[in-house]
Structure formats: C-alpha cells, structure tokens
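When you get a sec, could you build the whole thing from the sequences and use the hints?
Protein chains in written order, with my numbering: chain H, 1 to 264; chain G, 265 to 507.
If you're looking for bench data, these hints aren't it; they were derived computationally from the structure. Don't take every hint at face value.
Claimed, not checked - Distance windows between CB atoms, simulated:
no.	chain 1	residue 1	chain 2	residue 2	range
1	G	TRP477	H	HIS153	52 to 62 Å
2	H	ASP122	G	GLY362	24 to 34 Å
3	G	GLN474	H	GLN238	41 to 51 Å
4	H	SER7	G	GLN502	35 to 45 Å
5	G	LEU346	H	LYS246	37 to 47 Å
None of the values given here were measured: they were computed from a predicted structure. Virtual Cβ for every residue (Gly too), placed ideally from N, Cα, C.
The lines below spell out each chain.
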Amino acid sequence: MTLCVRSLALMLGSITALLQGCSASKTQVVHVYGAASTREALEEIASGFRAQTGIRLELNFGASSDLARQIEHGAAAELFLSADESWADYLANKGLVEKRRDLLTNRLVVIVPADSQQSIHDLRDLANPGFQRLALAGPAVPAGRYAREGLQHAEIWERVKNRVLDAGDVRAAFTYVVRGEADAAFVYGTDIRGDKKVRIALDIKPEFHAPIRYPLVLIRQSSMNAAALSAFDYLTSQKAEIVFRKWDFGVLGGEPTKPSDSKE
Amino acid sequence: MLDVFCLAHAEPFLGLAEEDWRAVGLSLCVAFAGVLLSLPLGLWLGWVLARRSFYGKTIVETAVNLPLVLPPVVTGYLLLILFGRHGWVGGWLHRWTGIEVALTWRAAVLAVGVMGFPLLVRSIRLAFQGLDPRLYQAARSLGAGPVDAFFSVSLPLARSGVLAGMVLAFARALGEFGATLMFAGNQERTRTISLQIYTLNQMPEESYEQRMWALVVASLVLAGGALAISEFLERRGQRRESA
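What follows is the structure in structure tokens.
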C-alpha cells in the first residue's frame, strides 16, 4: 500500500516538475499568426528580431480564414498578418483589433507543372480541355477568393467550377502542381520561391480581382503585451521591409490605423 | 459513370441547400460502392483467417487491421503515393489506359473501402469462426468443390455476421474524412458529408453554420442508424448459431 502511494507520489511529482520546466520559459514570446504565403519571410524576420531583442516570435501559419476563426475562438495570437482585408475586418467586427496597418501587396499568378506543354495567353484558356484539374485555395481563403474573382471576371467560372480542386490554403494548391496532380493552380507570385518544378503560365492583371492587401493586425488583449507592440513595430520597420521585398512582396508605406479610423 | 447517378440534381429542403443534399447522396453512393468493392476480398480473407493457419498469418492480420489504427491522413497519403498520376500503380494506369484514380470519385470510393475493410474482415471472420467446421467438411466429403461448399453451406450460415460487417463498414465509410481529403481531394465530385461540413465550417456567414448543423444531425442519424442495424444483425447471427 505505502509502496503504491510512494510511487504514485513520485510519478505525480516528476510530471509536475516536467510541466514546470516546459511552461516557465525565460525568453519573452510573441504569438504571431501569419498567412501561409508569408512563411519564409516571417521566419527570417523572426530570427532577425530575436537577434536584436531576444524576443522569440512563435509563428503559426495557415489559411487566413482558418487563423481568423481560431483567433475568434480564443487562440493566443497577438499579431495576425492576413492575406486579405476581409479577415482583418472580420476580427475588427468582433472587437478584436487593437491596431491595424496595411503592410504588404502581392500578385496573383497561374502556375503549371514545369514539364507541362500547356500555354495560356489569357485566363479564358483555362476552360480548354487540357486543364482538367485546377487547384485553388478554398472559397473562404484569400487566395481562393482572389482566384474566383479572377475567373468570374474572365467569365469562365461557370464552365470551370466543376474542375476545381479545393486546397486548404495557397501552399497546398501550390503543392498539387509541384506533384503534378493538378494541371494548374492559382497562387501568389511570392509562392514560387525559385521552385524548379513549376513555372508561371500567366500573370493575372490586378483589375481582375480585389487589390491584394495584407493587413497586419495587433490583437486586442485584456492586458497588452509590450513585446507584442515592439514586434508590431519591427514588422512595420525598414529591416522587415528589406526581408519582405527579398521574398518578392510589395511593401506599403503609411501610418497604422486604429479600428475607429475609416478604412477605404 | 457512378457520378451521373449519384450527383443528381437536388432541391433545397429541410434547411439543407442543394449541394448539401448532393453531399448526402454522394456519401451514401460512395460508401455503398466502397463496401461492395471490398466485399470479395473481405469474404476471402475473413474465411482464410478464420479457418486456416499459415506462415505469415500475423503479418496478414496486421496489414488488414492497419487502416484501423493508422491516422487516416497517413492512409490517404499512402494511397495517393500508390495511385497518383506519378504513383507506382497510378502512373502505370494513367500512361496505359488514361484512367485516373487519385483525386477523382474513384479515389473517394477506394478510400472509404480501405478504411472500412478492417471492420468488414473482423465481422466476417467472427461469423465464420462461429460456424461448425464439420458442416463444410461434410459438404466436401459429399463431393462439393471448395468454392461450391463455401457458397452453398458456409456463406448462407454466416450471412447475418457478413451482413453486420457490411453495415459496419458502410457506417465507417459514411464517416470517412481524412483519407478522402488526402486521396480524393476536396472537389465537387468528391464532397462527401464530412468534406461538406469541413468546407461550410470555413465560411464566416451564419447561414453556413445552420447548414453545417443540419448536416451534422444528418450524419449522426445515418451513423447511428447504421450501427443499430449492424448490432441487430450481429445478435441475430449469434442467436442462429446457438440454436
């Protein structure tokens, strides 16, 4: 009996000690949720930020729609870099936005497998029989929205919509083409990253879809984390701009806005 | 082929939109096809595992039960590697016949068939194990070939258990998500109930949430109903054997 109690106590003791070790971290951490397309840029910025301030950015990437919904349901994000305005608006409507600034722009392209013989001069060419499977991010994902807008603008959406393969996010759409499982995909220009297995078949003209804007949002917390504020400032600084431009993003200038400020 | 029948036009009804009813119809079709597809192999393996011992039997048993314990996305990924356009089997198939398996409705059927297979074999094996082996031997000694004896004697006696296995595999097939998502992808032709719920969940508007709930209820009803039928059949089979 005593042996049993003692071993139980030992077990509980060690588990508690382990958990203490895991949670009590001496470095400050800021939780950043970023659109899937911003992965490499944010990772590089995070290491620069850590070198400069010692603050660690804990990064979580995914479709902006998924991330916004997680934040809405209480996920511990402090910064959110969304791939479109609508998901930042979504959080603003829930009263979760403390500070907001349009940070990046991007361009939409159609990619095909590198060995594909297909050529496109116009979005309408996607209705050709050679394109049986089109990978798009899902309808709620920014990249998927821009793509659908483009197809609707080209007036071929009704014809191709049953060939659409919904990918979880823009990088999943990219991967379908890399693997040769899809004949074409709509991704951002920044997603190419020099990958030799795909090639850009078409640059989509900006008037075909809503302007691609990536707002950076500081999430409202019950007690604001100073480290989060300095991370926000760093992400909007020159140093971060250099990294974003390196990864092919367009960077916007301008002042941050409070939620009460009017948005265009 | 199959999809002309299963993706038939639907009407908005009972809080579900057209595409939701299509998802229900597609789920039922795909699950049914998946079980039928896996039945011949399931019957054979159930029989062999019940009646024979052979070198490597454990490996076969493990292989059969693997889809039950592997994460479904892993199973889906393995199927994708095998049957994709550049896969070991799929690449050959695509080059010589032009038939595509991965990321089509065929993949949806194959995925649910594979996921339900362990449950099917388990029930069938139990059913055959519950039979008196002397009945089969008697038929053989009277001159029946092995196949004849199987179909005339063993199978009819085990039919409740086999049916229970089919219904259980069907229920599992209805609820399949991870392997379907990986292997068949999220597209109009493969959007089963679970994929439709997943898609609706990503949309922010409230109207989608209501439809999602309606589908969740439909899913519960279908799964619950199938399970109840399966239990009933299994008990009926056991009662017959002890009679």
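Comparing the hints with the structure gives:
no.	hint	result
1	TRP477/G - HIS153/H: 52 to 62 Å	34 Å, violated
2	ASP122/H - GLY362/G: 24 to 34 Å	28 Å, holds
3	GLN474/G - GLN238/H: 41 to 51 Å	48 Å, holds
4	SER7/H - GLN502/G: 35 to 45 Å	43 Å, holds
5	LEU346/G - LYS246/H: 37 to 47 Å	39 Å, holds
Taken one by one, the earlier hints fail for this structure only at number 1.
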